[in-house]
Amino acid sequence: MEFPTFSSPHLPATRSVSRVMREVLLALVPGMLCAWWFFGWGIVVNLVLATLACVLAEAGMLAARGRPVAATLADTSAVLTGVLLALALPPLAPAWLPVVGAVFAIVVAKQLYGGLGYNPFNPAMIGYVVLLISFPREMTQWSAPAGLGNTQLGLLDSVAWSLYGVLPAGTALDALTLATPLDSVKTALGIGEMLSEITRAPKFGQYGGLGWEWVNFGYLLGGLYLIYRRLIDWRIPVGLLGALFTIALVFHGSDTDAYPAPLFHLFSGAAMLGAFFIATDPVTASTTPRGRLLFGAGIGLIVYVIRTWGGYPDGIAFAVLLMNMAAPTIDYYTKPRVFGQDGKRGGGR
Amino acid sequence: MNGKQRHLHRFHGGLHLPANKAQSNGGAVRALPLPKRLILPLSQHIGEPAEVLVKPGERVLKGQMIARARGYVSVPIHASSSGTVIEIADHAVPHPSGLRAPCVIIETDGKDEAAPDTLSGDPVQLDPNELRNRVRNAGIVGLGGAGFPSFIKLNPGANRPIHTLLINGAECEPYITCDDLLMREHAHEVVGGARIVMHALHAAACIIAIEDNKPEAAAAMRAALAEIGAANMDVVVIPTIYPTGGEKQLIKVITGREVPSQGLPADVGIVCHNPGTAAAVYRALMHGEPLISRIVTVTGAGVAQPGNFEVRIGTPMADVIAAAGGYTASAQRLLMGGPMMGFAMGSDTVPIVKTSNCLLVAAHDELPLPQTPSPCIRCGACVDACPADLLPQQLYWYAHVRDFDKIQDYSLFDCIECGCCAHVCPSHLPLVHYYRFAKTEIWAQEREREKADIARQRHEFRLLRIEREKDERAERLKQKQKALQTPAEAGADPKKAAIQAALERAKAKKASADVAPKNTDNLSAEQQQAIAAIDARRATASTTPAAGDDA
Ligand code: SF4
Ligand code: SF4
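Chains E and P are the protein sequences, given in the same order.
Read in my numbering, the first sequence has 246 at position 246, and its numbers run on one by one without any break.
Residues are numbered in my numbering as their position in the second sequence, beginning at 1, plus a constant of 1000.
Check each hint, because a few of them may be wrong.
Per label pair, the in silico range of CB-to-CB distance [as the list claims (entries may be wrong)]: (1) E/L73 to P/F1437: 26 to 32 Å; (2) E/Y228 to P/A1089: 22 to 28 Å; (3) E/Y228 to P/G1098: 16 to 22 Å; (4) E/R22 to P/G1071: 55 to 61 Å; (5) P/A1146 to E/P4: 51 to 57 Å; (6) P/A1146 to E/L263: 52 to 58 Å; (7) E/G311 to P/Q1445: 52 to 58 Å; (8) E/R22 to P/A1452: 49 to 55 Å; (9) P/R1402 to E/A59: 45 to 51 Å.
Quick caveat, the hints were computed from the structure, so don't treat them as lab data.
Every residue gets a Cβ at the ideal spot worked out from N, C-alpha and C, and that includes glycine.
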């Protein structure tokens, strides 16, 4: 009897890229629900627009590059890029904002580099940074979190605002938006106010901003699930959050009125989303065990520097991109000690 | 018997795989009817193929040596039953590429008439050199799958004393149960063989390592040890994790020590043997039986009655599968060995060889055809799984772009091809295939370089020769002019000298060829160890390129 022959191992692989991506999407759900609850339907509108734009851009580019469209789209990586970008965007953004960001992320940051696996930078974060630099005003249109007694747009109103820029009669944009806690802290500290006064405002919650801390908690939960399922390595988030916590603790300890508490940093802005879902993007992160710790820690430190002394209220995107650049070098210098090789002797000889 | 308390260690990575052992480890080892035909490849071991001693038409007896060892790393081949040599020709052998190689083909006569015993003897009385010689003459090789000539691993190192013999009963690959059954049914043979090997190695202790999914085997081995009251031998039950059966991984688990990269277990004072090898040593010395049969696991959803069989070496795989009830309708693939490191066979006409531990006939849903690979997403799942602490994704990348210098910086040759990385890769990349490809390419380059070196030397010799010939011509011219008076003598002399020299050379060559193997046999232990080490390294494929690395 004749049989086909293949090279070992013959046992089939237990995972697939699309399954990994789908589980990551699933893990985003708690955070997403919190974001929707506190910041309204704008989040959902952004999610739909960014995801659609990412998938269409990916399909177009694949077709243009003569690659199999359906088979490649099935890896769901474009969907994930869209979702991550949307979750980083302000809920009251105009419709073109997520679309422009998504197209830039997929076309320039991913496909022009050769597609999934070949992009040195996190596509979602490239899209985000391009938007932040080009459209600073639109990028700050965060809605006020629920629970402050303010009005929030319903689904249809959100769509109308996003697509046509019309608000329901009698509603002013100013009544809907509210500077994010990170933003407020930065501005207020800049004009010499003290933290103890600043954080007395109702938009601050237990440790972070009202609503924000819940959103961050949701991402933390999803992230722990990913670690439990071994879909991400614990080292990047631990490195990131650990470094952010430690440096915040040091400065906070030196002057509690000038530097926010460590927990405020961990539960504000995109800290948890960044730590568990963005910095852990496999393609662009460090892959050696020690390298991942360093990679995460690097992001944590840069985030703190940007938040504290930089020009932007949050710094996850810039920090991730900077460390993406450093990842190959980190990997090279943190090669694990090969079994049976003497650390001192090094190399393969 | 304090094995349970021993502190065990861990190696990095590895996998928990579905064991799939229950299909085949239920019943006893079954016998096979004598096959009509035996196909005996001359190369069933690592090293030089054996040299045929028989001719077509010759009658041979069971256990008769039909091919002798050639060179140091080589062992003889024996007829597995009595019969007539019908052919010495190329035949398909168990090899993934469907390779054909020289084989002795015997038509059996059903008498199973044994050749006189030349092997048995009291191992304790025998001189260690003689003991090794008999193990060699019994044709014993590592039965765990590698096929390294065992007698070489019976050599104590003069400068690296062996303190422990490790019997590797881990059998970590899914599906395979032949060592399990051997240890259950022939524990005393394994223990007896281990004692002989300990004696040859001057090893003070012996550890028999068995994965915790084989409690019956462990119990049988413990009972056999208790029976002979061997206080310096111990059964150690180790956790089931693939690839614990890798020699270096097992040593790490048992001792916490790492065999140096490119090194041998002897470097940490240990020698590893498979239980099957130990039993073969026992049978050779106690019963005078050379290695002419082995236990083979026949399993998978593709055979009707999976189980273990005592199979004569050289039996066509088809006969073995027929004995296991034949193929089922779902038979899709045939592997020799396990699903992680086994070879896919293109056809079942190939014979069982000394290293055939398992025939896995898999159905489609057991071992589906490979999935289409997609690009590496650098997720690092492979890094987490690699028991050699490598960066498989980097190895893959450099193999992919054919950067064979960089790939050696990432220690390609420390890869044991266990397949853990490929098993967890979400992109379904055939990673091990890439590593094999890179290794083969690097070896080819090494050979080219060696050839180039030889060519350069030849070129230099040629220049020298031309120079010398010019001188000689000038000399001859002078002679001729001088000898013009006596022409007859002048012409005959150099010619005669040349013939004489050629004869001398031929004689010398023949003589050296005759004594070469003997020479190495009579070397001091230390010299032999050195040769063994060198040859072993060459053979284990880990250092050939490293040697070239320095070049
Ligand atoms: S497991 Fe596969 S996809 Fe992931 S890093 Fe390794 S080779 Fe790349
Ligand atoms: S096949 Fe090689 S690289 Fe892959 S896991 Fe095994 S040792 Fe590591």
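Right, here's what the structure says about each hint:
Our hint of 26 to 32 Å for E/L73 and P/F1437 holds, since their Cβ atoms are close to 30 Å apart. One distance hint, 22 to 28 Å for the beta-carbon pair E/Y228 and P/A1089, is violated here, with the actual separation near 60 Å. In this structure the supplied range 16 to 22 Å is violated for E/Y228 paired with P/G1098, their Cβ-Cβ distance being about 45 Å. Between E/R22 and P/G1071 the CB atoms are about 57 Å apart, so this pair conforms to the stated range of 55 to 61 Å.
Distance hint for P/A1146 and E/P4: a CB-CB separation of about 26 Å, inconsistent with the stated range 51 to 57 Å. Remark: the range hint 52 to 58 Å for P/A1146 to E/L263 is upheld by a beta-carbon distance near 57 Å. The supplied range of 52 to 58 Å is met by E/G311 and P/Q1445, whose beta-carbon atoms lie about 53 Å from each other. Under the hint 49 to 55 Å, the C-beta atoms of E/R22 and P/A1452, about 53 Å apart, fit the expected range.
In this structure the supplied range 45 to 51 Å is violated for P/R1402 paired with E/A59, their Cβ-Cβ distance being about 32 Å.
Going through the hint list in order, the structure does not satisfy hints 2, 3, 5, 9.
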